[in-house]
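Please take these sequences and the hints and turn them into a complete structure.
For reference, the chains in residue letters:
2 protein chains.
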Amino acid sequence: MEFEIEARDPRSEARVGVLRTAHGAVETPAFVAVATRGTVKALSVDDLREIGVQILIGNTYHLVLRPGAELVAELGGLHRFSGWEGPWMTDSGGFQVFSLGAGMEHGVGKIASIFPDEEGVPQPRGESLVKVDEEGAWVKSIVDGSWIRFTPEEVIRWQRLLGADIVLPLDECTSPFHDRDYTARAMERTHRWAERALEAFARTKGLGPNPEQVLFGIVQGGAYEDLRRRSARYIGSLGFPGFAIGGSLGRSKEDMYRVLEWTVPELPQGKPRHLLGIGTVEDIVEAVKRGIDTFDCAAPTRMARNGTLLTSDEEGLSIHIKAAGFREDERPIEEGCDCPTCRRYSRAFLRHLFRAGELSYYRLATLHNLRFMVRLMGRIRAAIRAGAPLEIRELLGA
Amino acid sequence: MEFEIEARDPRSEARVGVLRTAHGAVETPAFVAVATRGTVKALSVDDLREIGVQILIGNTYHLVLRPGAELVAELGGLHRFSGWEGPWMTDSGGFQVFSLGAGMEHGVGKIASIFPDEEGVPQPRGESLVKVDEEGAWVKSIVDGSWIRFTPEEVIRWQRLLGADIVLPLDECTSPFHDRDYTARAMERTHRWAERALEAFARTKGLGPNPEQVLFGIVQGGAYEDLRRRSARYIGSLGFPGFAIGGSLGRSKEDMYRVLEWTVPELPQGKPRHLLGIGTVEDIVEAVKRGIDTFDCAAPTRMARNGTLLTSDEEGLSIHIKAAGFREDERPIEEGCDCPTCRRYSRAFLRHLFRAGELSYYRLATLHNLRFMVRLMGRIRAAIRAGAPLEIRELLGA
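Protein sequences, first through last, are from chains Z and A. In this text, residue positions in the first sequence follow our numbering: the first is 838, and each later residue adds one. In this text, residue positions in the second sequence follow our numbering: the first is 838, and each later residue adds one.
In case anyone wonders, no lab produced these hints; they're calculated from the structure. There's no promise every hint is true.
The list treats identical chains as one, so a pair stands whether inside a single copy or across any two.
[Unchecked claim] Derived lysine to aspartate or glutamate pairs resembling DMTMM-like cross-links, with alpha carbons at most 20 Å apart: (1) Lys1159 x Glu907; (2) Lys968 x Glu991; (3) Lys1159 x Glu911; (4) Lys1108 x Glu1049; (5) Lys1090 x Glu1119; (6) Lys1159 x Asp981; (7) Lys977 x Asp1175; (8) Lys1090 x Glu1228; (9) Lys1108 x Asp1018; (10) Lys1108 x Glu839; (11) Lys1108 x Glu1032.
Written out as structure tokens, the structure reads:
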């Protein structure tokens, strides 16, 4: 894997780059489409190509539960199995360990708000499905209720078998409601697990379908400045070829921006930086300015399925397609959008499909929202290259 | 509308024709894809074009309940509203009157077997949602429980507003468990309703978005030879430009073939003949031999969603994708199939998607099954033109 920075914004930390993997190049800043169980929900790989998606992220927890890492390896790895022969990332399952454990107990996500899981399933509260210890974590399967052992070594072995281009070590995420002391201890454990993951990754070279696979480090430390700086320096010193920023990002957007301002300067400057699980338009623009290269987030696709469609034609940058006001609206979701949905369908027909619960709705909505994100990232890259301001209004022409 | 017969099978009543509508031509024998509520479930109009679908059939009952015929007319009619600018048929809602009424009481469909409705919803038994009288029928809405008045005139007005190219009059279907007497009385009523529909159709010329719309007649008469012959002669005498064969087709495939052998010779020879709601591979081949030109059936798309995929590679011409035997099966659903699904995906991955309940499964499965039907119809037309035998094994190369 190579990462080359091609242009920098003189007014911020934003940069344009190319991340070259064994399965193709990714122009950054880029949106990584969420394909938890090997597919972007409701779309095919031909759809993804048509709307310009560059890279997908699968989830080790979900894929290990079903269909199993061994089976995916037997079938040639995630690229061949899924039909997506472009770049793949896999998340380690660390966030699932968090969301099924502390997140479940506290009822919170990465920022202090109630969260649905990646599958859009409302989460029960109060009962942890995870037991974390120094060795790793016991995690309850949402498929059959069995307890599965997650260790830094096993998570690396699974990801070797899956064969994504970029993989992540097991980490211990914390919630915004964890105190400084717990957050510090979880961070220290994440550091020890990072070292074990690096060793396991070196030891398993040659296992699985993708010899060019790389392992990124994950920075933790919650919303505490000294912890974030310490974690970024430490993880940055271990020789990882790239980094992800994970865990709690505080209680507000401003907290999140500060976390990035503490973390990014402490990381090696020429290496790619991924922000885990973040992806509203505003958050992406602000995070790019603070030096983030790639993002993954289930929100644009989940919102699509729930009826919220992104559009620069309206205040708030979205519409809820169920609203009575769209009953006779013959306009596309967004004027001038080049997605397959806006080329063919009116808001009125999409509203009909949504209300009728028609399966075709889910794909058409997802195609649009994902194309919206892909276009946004292209405009961000163009603005950085042109030295234009990174402001939402200018980027979206809204 | 014009119908031209281009070739005839010397050994049977089979024929190749072209049905020309204001929205394009249909090569017959043709499979009419079911788009009950304005969309083929899980597919887009671009999908339909890609797999070669020629014509769709919507349902007046479902479209009147939601979004309403007036709204569809305001939005330019079914063609413009749905994005499918090719030929459209609409069914009158007569079959829904039957299936929500007598079908619900008897728990049976067109042939004497338990049936799910077009939406694939298991039907409750024993409670009729319909009251039929001479004037028309009261039908309970499955959307909000209100009672809606269906009359031959109102059903024509609705279909004028929807604007399909070929529309059908309200008819009274019977079940295989209705006796000869009831079947005869329902047939006589269907005949009176056909005359009222013709008058209403003439009176409403100019209403709605499609001045080229035509009304086909529907033949009833259950599985009784004299009734079928009488109904075909009578309906055939009223000047309709084409015909549909509806209602009970008996208790077995053999009964159905006999119904066609009684009915078809009594109809005007140069006009198109549609068989309502029939569509297994075997039934289509046998019905084509008995002079049927077009078919609609929800089975191929519903089977797809339920996991049954059509393939000439296996005994029985289908597989159930959930079966453990496909766990590591890297073959496409059907070797040599040119559908978008078989070009990209293995049985193993489709099995994974099906088991995980992924939305993308439904589209990929539907694309394949519908492409299978489209290819079958093309092979039937080619065989008739070539004077080759109309046998399933030869047609499918199985």
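We went through each hint and held it up to the structure:
1. Lys1159 x Glu907: Between copies only: 19 Å across, 43 Å inside.
2. Lys968 x Glu991: within (16 Å within a copy, 65 Å between copies)
3. Lys1159 x Glu911: between (44 Å within a copy, 19 Å between copies)
4. Lys1108 x Glu1049: within (17 Å within a copy, 65 Å between copies)
5. Lys1090 x Glu1119: For Lys1090 and Glu1119, only the intra-copy Cα distance (9 Å) is at most 20 Å; the inter-copy one is 62 Å.
6. Lys1159 x Asp981: Classified as between; 17 Å across copies, 35 Å inside a copy.
7. Lys977 x Asp1175: This pair counts as neither: shortest intra-copy Cα distance 43 Å, inter-copy 42 Å.
8. Lys1090 x Glu1228: Classified as within: same-chain Cα gap 16 Å, cross-chain 67 Å, threshold 20 Å.
9. Lys1108 x Asp1018: neither (30 Å within a copy, 84 Å between copies)
10. Lys1108 x Glu839: within (9 Å within a copy, 68 Å between copies)
11. Lys1108 x Glu1032: within (19 Å within a copy, 78 Å between copies)
In summary, the numbered hints that this structure violates are 7, 9.
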